Each structure stands twice: as C-alpha cells, then as structure tokens.
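K.L.:
Going line by line, the protein sequences match chains A, B and C. Using the numbering used here, you'd call the opening residue of the first sequence number 35 and step up by one each time. Using the numbering used here, you'd call the opening residue of the second sequence number 113 and step up by one each time. Using the numbering used here, you'd call the opening residue of the third sequence number 9 and step up by one each time.
Calculated from the structure, these hints are not laboratory results. Quick caveat, the model's predicted, so the values are computed rather than measured. Beta carbons are placed, not taken as given, at the ideal position from N, Cα and C, and that holds for glycine. Some hints could be false.
[To be verified] So the derived label-pair ranges between C-beta atoms look like this: (1) A:P118 <-> C:K292: 33 to 39 Å; (2) A:P133 <-> C:P370: 37 to 43 Å; (3) C:K53 <-> A:P133: 54 to 60 Å; (4) B:H190 <-> C:G193: 30 to 36 Å; (5) B:K257 <-> A:P118: 32 to 38 Å; (6) C:T196 <-> A:L210: 35 to 41 Å.
[Stated by the list, open to error] Derived pair list, reagent style EDC-like, types lysine to aspartate or glutamate, alpha-carbon separation capped at 16 Å: (7) C:K154 <-> C:E165; (8) A:K357 <-> B:E191; (9) C:K345 <-> C:D363; (10) C:K293 <-> B:E191; (11) B:K253 <-> A:D75.
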Amino acid sequence: MANSIDTLTSTVAVDRPQHGQAEAHTAKNSSTRHKKLSVRDKKNLRLGLLFISPWIVGVCVFVVYPLIYSLVISLTRYSGMNKPSFIGFQNYVTAFTDPLVKISAGNTLFYAGLAVPIGLVVAIVLALAMNRNVREVAFYRTALYIPSLVPAFALSFIFVVFVNPQFGVFNQFLKLFGAGNTNLLGEPTSAKVVIVLMAQLAAGNAAIIFLAGLRNIPVTLYEAARVDGAGPIRQFVSITLPLLSPVILFNLITGISGALQVFTEAYVLTNGVGGPDNGTLFYMLYLYKTAFSYASLGYASALAVLLFIVGMLMAGLVYFVSKRFVNYDVAAG
Amino acid sequence: MSTTTTTQPTQQRLLSEEESENLQTGGVPTKEQTGRAKDGSKHKWYSSIIARVLLIGLSLLFLLPLYWMIASALKSGHELSLYPPTWFPQTIHWENFVNAVNAMPFWSFFRNTAVITVLSVIFAVVSNFIVAYGFSCIDWKGRDKLFYVVLATLFIPFPVTLIPMFDLYANLGWVNTWLPLIVPNLFASAFYTFLLRQFLLQIPKDMLDAARLDAANEWRIAWRLVFPTAIPALTAVAIFSAVGAWNDFMGPLIYLQDVNVQTLSIGLQTFRQTNQQDIQFNELMAASFLVIAPLIILFFVFQRFFLKGITLGGFK
Amino acid sequence: MGAAAGLGLLAGCANTGGASNRLNLWGVGGDQRPVEQKILKAYQKVSPGVQVTSSTVPSNGTGDATSIITAVRGHTAPDLWVMDAFSCAQYASLGLLESISGLIDTYEDKDFLEQWLQFPVDSLTLDNKVYGLPLGTDSRALFYNKKVLRDAGIDPEELDPKNGPPTADRIMEMSRKVTKKDNHGNYTQLGLIPWDGEGWGYTWAIGYGASFFDDATCAVDFRSKEMLDAYTFLYDQAREMDFAKVDAFKATYEPPNHPPAQTSFLSGHQAFMINQNGFAVGMKKYAPKLEWGVTYLPLPHEGAKKYTWSGGFALVAPKGAKLTKELWNFQKFYSGKPGQGIFMGPTQSLPTQLDVLHSKDPQITSQKFFIDQLKFSVSRPPIPVGQLWWDAMSTAQGSVTIGSAKPAEALEAAQARVQPQMDLYCPFTLPKGYGA
C-alpha cells in the first residue's frame with residue numbers, strides 16, 4: 035500500500051521518458067521502414083492525409099504563398115508599388131549592421147525572457163483558481179478572463195493609471211524603497227517591464243487552456259494519492275504537472291511565438307513610436323514600420339524571414355527537449 | 113484500489129453535474145498547492161475560507177480594468193479631467209452610452225460583427241477538430257514530421273502576409289465582403305490545431321483501436337467517440353476564435369471599406385481618431401464596454417463546458 | 009447568409025472610376041462627418057447628376073500606408089481621399105497618387121493655384137507636378153497661463169504679441185521663477201518644457217534658421233550648425249531641468265492617452281505650452297475660466313525672425329482613379345471656396361483658400377492670431393522619405409532629451425539612417441522657392 039503511490043508516479047512517469055503511445059507506435063513503424071508499407075499503414079496514411087486536407091490547402095494558400103512571396107521580395111528593393119528591383123542578399127547584410135535591428139531584437143528578447151516564464155506561472159495560478167469547485171466558480175472564471183476580452187487600446191487607458199508617478203500602484207510600491215516620482219514609461223527598461231505586466235492581464239487566455247487541461251486529469255488519481263498520504267504539493271508535482279505537460283508545452287511554444295511577435299500592447303501604450311528612446315521599439319514594430327511607413331517592403335521581408343528562422347529554431351529546440359518531459363498518457367494506471 | 117491497468121471500458125459515462133462536482137471535491141488541486149503548505153484534508157473548512165478570500169481578491173484585481181472602464185463611461189467630461197482621478201463617478205451620465213451608440217451605425221456594425229463571428233467560430237471548431245484528429249488519432253507515416261511544419265507556421269510575422277493576401281483577395285473580388293475574414297477559418301490554423309492535438313493525443317489508443325475493430329469508420333469515431341471527449345478543449349477554441357473574430361481590427365481595416373459591411377472594431381477606431389485634441393473619452397469607454405459586453409455574457413454562459421466534459425478513463 | 013449579403017453589398021462600392029456620375033470619397037471621421045455631409049449636400053445642389061458617397065476608413069496613423077497600398081494594389085481605392093498633406097510627397101513618389109497637373113492644365117487658368125496659400129501647395133508638389141489640393145491647416149504658437157505668471161511676480165502683459173516674439177532665454181528665465189517643487193523634490197509646477205507639446209526638435213530648428221534639405225547635394229541636412237544649436241539647446245535644458253523629473257511631472261498631470269481636459273497646462277500646473285491652434289479650442293471647452301494668452305514662438309536670440317510651421321490635410325486622387333471632369337469639379341468644390349467655406353469654421357481648422365481665410369465669419373476671425381501667422385509659416389519638406397525623416401528627427405530628439413546621446417551623435421545617427429534611403433531618389437529638388 036505504501037508503495038502504490040510510487041507505482042502510480044512511475045506509471046505517470048516524469049523520470050521515464052515516456053512518449054505518447056502514438057509515438058511508440060510510430061517508432062515501431064520506423065523500424066520496419068525499409069519494408070513496404072503494410073495495407074494498414076497505407077490505409078492510415080490515406081485517412082490521415084484526408085483528415086488534414088483542409089490544413090494542407092490552407093497552408094499552401096496562407097503560408098507557402100506569402101512565404102515564397104516574402105522570400106522573393108526580401109531579395110529585392112521594393113516599395114510596395116512599382117517594380118521590385120533585385121539586389122541579392124543586400125537586405126540581409128543591412129539587417130546585420132542596422133543599429134535599430136540590434137536594438138529592436140534586444141528589446142524583443144528582453145521582453146520574451148520576462149513575459150514567457152511570468153506568463154506561464156500567472157496562467158497556471160489563474161487556471162488553478164478557475165478550477166476551484168465552488169458554486170460561484172462561474173463568476174471567478176469570468177472575472178479572471180474579462181481583461182482578455184478588452185481591446186488592447188482600452189486596457190492601456192486603464193493601465194496608465196496604475197503607473198501614474200504620483201498615485202499609481204506600482205509607484206507607491208517603489209516609493210517604499212525610497213524612490214521619488216518616476217515615470218515608469220519614460221525609461222527604456224522599466225517601460226518594457228510595464229508592458230510585460232500589462233500583458234499579464236490577458237493571461238486568462240492561456241489560463242483557460244490550462245483549465246481544459248486540468249479538467250482532463252482523472253480525479254481518481256488524486257483520490258488514490260490522497261489515500262496514500264501524498265500532500266498537496268506532492269500531488270501537484272507528481273500528478274498535475276506531468277499530466278499538464280502537453281498543455282504546458284503548448285503554452286510555452288505559443289507563448290514564445292507571441293512574445294517574439296509582440297506588437298499591439300507596445301503600440302497602444304507608447305502610441306506606436308517605440309519610445310522612450312527606442313526602448314519599446316520591438317522587432318515586430320520595427321518590421322511593420324519598415325514595411326508600411328518607410329515603404330521598404332524588401333527590407334521588411336528580410337527582417338520577417340530572419341524572425342521566422344529564429345522563431346522556428348526556438349520552437350524546434352523546445353519541442354525537441356520536450357520529448358523527454360511531455361507525457362501524453364492521461365489514463366494510464 | 114487497484115493500480116494496474118485493466119481493459120478500458122469502451123463506453124463512457126456522462127457524469128451528471130452533481131456526480132461531477134462530487135468527484136472534483138477531492139481531486140482538484142487546491143490553491144494551497146501553489147506554495148502554501150497547508151494540509152488540505154485536515155483543515156478543509158479553514159483552507160476553504162482562505163481560498164475563497166484569495167479568489168475574491170484575485171478576481172477583484174482582474175475586474176479592475178472593467179470597473180475603471182464602466183466608471184469612466186459614466187463620468188462627465190469635466191470629471192474625467194479631475195486630478196487625482198475619482199474612484200466613483202460624482203454624477204452618473206447614462207447618456208454617454210446613448211451618445212456612443214449614436215456616434216456610429218452601432219446596430220449595423222453589431223449585426224455584421226455577429227455574423228462574421230458566428231460563422232468563424234463554427235468553421236474554426238469544425239475544421240480544426242478534423243485536422244487535429246488527423247494529426248493525433250490516426251497513426252500514419254510522416255505525421256509527426258509534418259507537424260513540425262504546423263508549428264513553423266506559428267512564427268510567420270503577419271505584416272508580410274498583408275500584401276500578398278490582399279492581392280489574392282482583390283483578384284478574387286472579395287474586398288469589401290466578409291469572405292476574407294470568414295473563409296480562412298475553413299482551413300484550420302496552427303494555433304488551434306496544435307491546441308487540440310495536445311488534448312487528443314491523450315486519448316488511449318486502445319479505445320480507438322477497439323472501436324475500429326468494431327468496424328466503425330474513422331469519421332464516425334471522430335465525431336461520436338472523440339469529439340465529446342474534447343469538449344473542454346473545443347470550448348477553448350470556440351472562445352478564442354469568437355473573441356478573435358469579434359475584436360479583430362487589422363482584417364476589417366484593410367478589407368472592409370464600405371460602411372455597410374464594417375464591424376464594431378472599426379467603429380471604435382474611428383471614435384478614437386475623431387479629433388486627437390478632443391477625444392470623448394467617456395463615450396469611447398462606453399462604446400468599448402458595449403462592444404465587449406456580449407463577449408462577457410457569452411463567456412459566462414459557455415464556461416460551464418469546462419465542467420461538463422466527459423471524464424475518460426480512471427474507472428478502476 | 010452573411011457571406012452572400014456581404015458579397016451583394018460589394019456592388020457599387022469598389023473603385024467606381026468609370027461610372028462618372030458616382031464618386032467615392034475616403035473622407036473625414038468622427039464629429040467632423042456631419043460638417044462634411046453639408047459639403048456633399050451643397051455639391052448635390054450644384055451638380056445633381058453626380059452622387060458622392062463618403063466613407064470613413066480609419067488608419068493606423070499618419071504615415072502608415074497599409075490601407076492605401078492594399079487598396080491601390082487591389083484596385084479598390086476611392087476616387088478621392090482626404091489625406092494628411094505631409095504624406096503627399098512620399099506617396100506620390102511611391103506611385104500611390106495621381107497627379108492633377110493635367111487636370112489643371114486642361115480645365116483651368118494659369119493662376120488657378122494662386123487661390124490657395126503658397127506653402128501648402130508647395131507641400132503637395134513633387135517634381136513640378138501637383139498631386140492634390142490643400143484643405144485645412146494649423147499653426148503653432150506659445151500659450152501662457154496669465155494667472156500662474158502673475159502669482160510668480162511676472163507681468164503677463166510683457167508677453168502680449170504686440171511686443172513681438174519673446175526670446176527663449178527670457179521664457180526660460182520666467183520658467184525658473186515659476187518652477188515649484190514639493191518636499192520630495194518632485195516638480196509640482198513648471199514653466200516652459202521646451203521639448204513638450206509641439207516643441208519638436210524640428211520646431212526649434214526652424215527657429216534657429218535650419219534648412220533641412222540641400223538641393224545641390226540632394227541630401228538631408230541633420231548636421232548643419234543650426235540643427236546642432238537647436239538640439240544642443242534641448243539637450244542643455246533637459247540636463248538643467250533634470251529630464252527624469254520633468255518626465256515624471258508630465259506623466260503625473262498628463263498621462264499617456266489622457267482625456268482631453270487632463271493636461272498639465274489646463275490644470276494650471278504649467279505656465280507655458282507650445283501647441284497648435286486646436287489647443288485653444290480645447291481650452292475654451294474644458295477650462296473656460298483659465299486666463300490664457302498666446303504669442304509667437306520663442307526666438308533663439310534677439311533679432312531672429314518670427315517663425316512657425318503648419319501641417320494640414322489635402323484632397324488627393326489615389327492611383328487608378330479616373331481623372332474625369334466630374335471628379336475634377338468635385339475636387340475643386342471640396343477644396344476651394346465653397347467647400348472650405350462650409351467646413352473650416354465649424355471644425356475650427358485654419359483655411360488655406362485665401363477668400364475663406366480673409367472671411368469675416370466670426371468662427372474664422374476668432375482664430376485671427378493663428379491665421380496671421382500663416383503669412384510666414386512653412387510646412388515640413390516634401391521629400392520622398394518624409395516619414396523616415398520625421399521619425400529620425402523624433403528619435404534624435406528623444407535621445408538628446410533623455411541624455412543617452414549628445415546632440416552631435418544623435419544627429420549623426422539620424423543622418424546615417426535617412427540619407428541612404430534619400431539617395432535612392434536622387435537627383436531631387438524641392439519645389440522652387442520652397443521656404444528656407
């Protein structure tokens with residue numbers, strides 16, 4: 035009996051790299067790769083492709099076409115009108131020497147470095163709050179989710195009150211440490227931090243995904259654990275986190291994607307200027323301005339290709355590393 | 113209580129609301145587990161009060177933006193400029209809401225936005241479910257490698273898609289219609305497909321295989337067996353696509369030029385740009401509130417689908 | 009079904025060029041719309057056979073060409089567009105606009121353009137071709153709070169415009185008298201914040217006599233002595249006043265995205281403000297009891313010339329519009345005496361059409377001071393890289409006031425950023441006789 039909790043945790047393994055059974059199946063398939071596909075495999079292939087056919091069509095129209103367009107345009111000088119003129123890789127060379135590219139990339143990485151981990155933690159906390167079994171949980175869920183519904187520009191009107199140098203909440207907090215009135219939005223680093231904080235108001239989005247994940251965890255697992263004397267923390271670490279891992283992976287990758295492309299929040303809080311002193315000039319904002327304010331669509335396309343490559347590498351890395359930690363077996367045990 | 117795997121029953125029980133609630137009592141991780149080391153079982157009444165207090169506190173914090181929006185909407189223009197700002201309006205001006213509605217063709221925009229949103233949601237839920245099913249519940253060669261491509265598309269920066277997509281739609285003659293906003297939902301998106309896949313991968317293969325052995329065709333399995341299981345995740349997809357479509361600004365901005373087809377987000381934008389020196393802030397807040405009010409109601413109604421999901425497995 | 013309805017509504021709403029009795033206009037928005045409707049109604053009476061519809065297409069701000077680029081490429085652009093005049097040179101050089109010089113030559117006398125102020129017409133000219141007709145404009149001046157000055161022992165009469173423009177030194181001297189701090193050293197009252205409001209680096213540079221583009225070398229000129237002096241002035245003032253503290257002051261009393269009445273000037277915390285004429289309208293509305301005055305922009309030194317600058321709007325024809333007689337008649341009407349006569353008074357913009365400018369309409373004469381300034385006003389140089397140039401100016405200003413770069417460095421960076429783009433358009437000259 036005393037050992038059953040260990041049996042439980044080992045089946046729900048974090049320590050054993052356990053892939054979803056789907057992947058195990060595929061692994062078995064690949065060992066027979068050199069043989070022809072069995073009838074069943076062929077049937078599955080046909081079925082699989084059929085099911086994902088809408089996506090295939092979509093990817094050709096909405097992804098492949100614009101991507102190829104961007105790749106081609108990135109090798110040209112193009113204003114968006116008139117004719118593009120071919121200039122080879124000059125745009126990419128420029129990108130590596132453009133001081134604003136360095137600044138904007140730095141801003142974005144700084145933002146992502148803060149926003150992604152903080153975002154995950156806040157979202158999990160909110161999800162746990164939304165998961166409470168109380169009669170009025172509908173009220174809590176809605177309350178926590180509402181800021182995600184408010185358009186970014188309206189949120190910014192409200193948030194500036196929080197950062198008012200004299201009576202804003204954040205400033206009162208800082209004054210405890212002896213700071214004078216400071217404009218948190220007036221200094222390049224603190225402005226980025228403010229934007230990270232404002233983005234947390236919209237953590238409800240990631241939270242309801244975690245909520246769906248929490249709902250998927252069979253309660254019997256918790257019951258068994260409790261019976262075996264596991265405390266709340268042990269339950270969280272051994273049951274909740276591993277079984278949430280597929281969703282954690284999702285929110286991590288989409289969080290990275292969102293943070294690398296941060297745009298709207300900064301735009302509305304600083305009126306699209308990217309100030310102060312280019313402190314909130316995020317990469318996406320610079321890309322957008324280059325395309326539509328400075329009429330350098332070729333250069334903007336090159337910047338986009340670079341962002342795409344960096345993003346993909348990051349996602350690939352996370353995905354690859356995740357294979358060790360993500361567990362798709364919910365009903366095991 | 114046995115901890116070994118036995119054959120999973122292929123039918124699921126739809127738990128009644130009451131049963132569901134009872135089950136959740138013991139198993140749901142309490143707030144304390146995020147860092148407070150309290151023994152949940154011994155002092156349950158005690159921890160339940162603390163949990164409630166924390167919940168209410170957190171909710172009030174997140175309700176602050178909405179409160180501020182409504183309070184600003186009810187203030188007079190003069191009161192808005194008071195320093196420091198007042199927490200509660202000194203005089204209540206309901207007419208700000210009336211003025212906001214009259215400042216734009218509100219009901220026309222509302223209808224347009226509603227149509228676009230409803231269609232977008234239906235298409236998104238259906239197409240993403242089908243595609244995610246294909247990427248998770250069927251084993252086929254090259255599936256996981258192809259999925260990398262899905263992930264990759266998450267990282268395509270939107271500005272570079274603006275011009276080629278607009279070219280495409282203009283050639284099709286779809287500008288000034290709702291088609292560019294609705295039709296893409298038919299083709300599944302990386303975000304929702306990824307989301308659903310993460311949930312669908314957790315379905316035990318044995319169950320699916322058993323159903324296949326019963327000679328059920330894949331389509332039936334998808335819709336009758338798997339779809340009901342994924343309701344919490346599908347709810348998330350529905351909510352996201354609804355909010356996304358409702359609040360979408362960029363799309364309507366470039367595709368909808370005629371006022372007959374424009375949406376609420378455009379109405380709000382023109383409100384903001386009325387006169388940079390003289391924005392009617394209170395009316396803008398009133399308009400913003402009216403725009404998100406339907407979403408709040410919708411969420412409140414549909415969030416219960418996070419509760420009513422069919423719990424799979426764990427029947428020992 | 010929604011999609012079908014949307015499709016159905018497509019008919020007659022896209023580029024109507026060709027159907028010469030229907031004109032599609034991207035017009036003004038918000039509370040200016042009813043006034044614009046009056047113009048359309050008036051035109052209906054004059055030309056009953058032509059139907060003009062005006063839509064409001066919001067934008068992401070001046071210089072953001074998303075809507076117009078996509079519209080022109082997709083052949084869904086309107087026949088006419090009310091556009092920020094500053095974008096004209098850039099959009100024209102991109103091929104987004106149609107030149108109307110042909111229309112003028114065909115239908116009008118040689119002196120047709122003389123009915124408008126010269127500088128707005130210049131701002132719509134590129135390579136000797138005109139791309140639009142001017143609409144409303146504005147001008148900048150120095151506003152002051154009489155009561156705050158009096159309380160600090162300064163006689164506001166000294167600033168009366170009839171005494172001519174004050175010098176910057178004198179204004180900063182007054183500002184120091186007016187400055188107040190609280191126990192913690194935070195500002196509670198200030199005089200002039202030189203970089204605040206419309207106190208752009210550009211504004212001061214004009215005052216210092218800078219010229220921004222050299223025809224001979226086809227180069228933007230960030231590094232001239234005058235520019236350096238202007239930006240050094242801002243740099244020095246920002247250090248002396250402690251930029252961070254001033255910034256905190258502004259963010260306290262005039263937060264970002266503030267309601268129109270919540271400004272540090274309107275609440276009596278700031279004695280001076282450089283702003284444009286629209287500000288006066290706001291004051292009358294939101295702070296009617298405030299005793300304010302307005303005078304010319306401060307001079308860098310005794311004996312310099314009065315100066316100001318103006319922005320404004322123009323009516324242009326996007327590429328692809330059919331330049332028919334009907335279009336031209338409407339364009340003339342809207343931008344000329346009839347249209348401006350209806351529009352400028354109620355919207356409190358400054359007219360550019362000379363007859364309307366000199367009208368006795370009280371709504372217009374109430375802006376007399378600002379109108380008189382138009383005699384010596386300039387507009388931003390109509391160069392093909394206008395938006396980039398403006399952003400570079402602002403970035404340099406930001407670095408200089410925050411103190412992250414010295415004036416010479418900041419201006420050098422701006423030059424390095426803009427000139428390579430400008431080179432792509434060389435050879436290039438500004439319109440003949442273009443201000444300084």
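K.L.:
Indicate, hint by hint, whether the structure satisfies it.
P.N.:
Here is what the structure says about each hint:
1. A:P118 <-> C:K292: 33 to 39 Å: At roughly 51 Å between Cβ atoms, K292 of chain C and P118 of chain A fall outside 33 to 39 Å, so the hint is violated.
2. A:P133 <-> C:P370: 37 to 43 Å: violated (53 Å)
3. C:K53 <-> A:P133: 54 to 60 Å: holds (58 Å)
4. B:H190 <-> C:G193: 30 to 36 Å: At 32 Å between Cβs, range holds.
5. B:K257 <-> A:P118: 32 to 38 Å: holds (34 Å)
6. C:T196 <-> A:L210: 35 to 41 Å: Violated, since T196 of chain C and L210 of chain A (Cβ atoms, about 22 Å apart) do not stay within the stated range.
7. C:K154 <-> C:E165: holds (9 Å)
8. A:K357 <-> B:E191: violated (57 Å)
9. C:K345 <-> C:D363: holds (7 Å)
10. C:K293 <-> B:E191: holds (13 Å)
11. B:K253 <-> A:D75: Since the Cα atoms of K253 of chain B and D75 of chain A sit roughly 7 Å apart, the hinted pair holds (cutoff 16 Å).
Of the numbered hints listed earlier, those contradicted by the structure are 1, 2, 6, 8.
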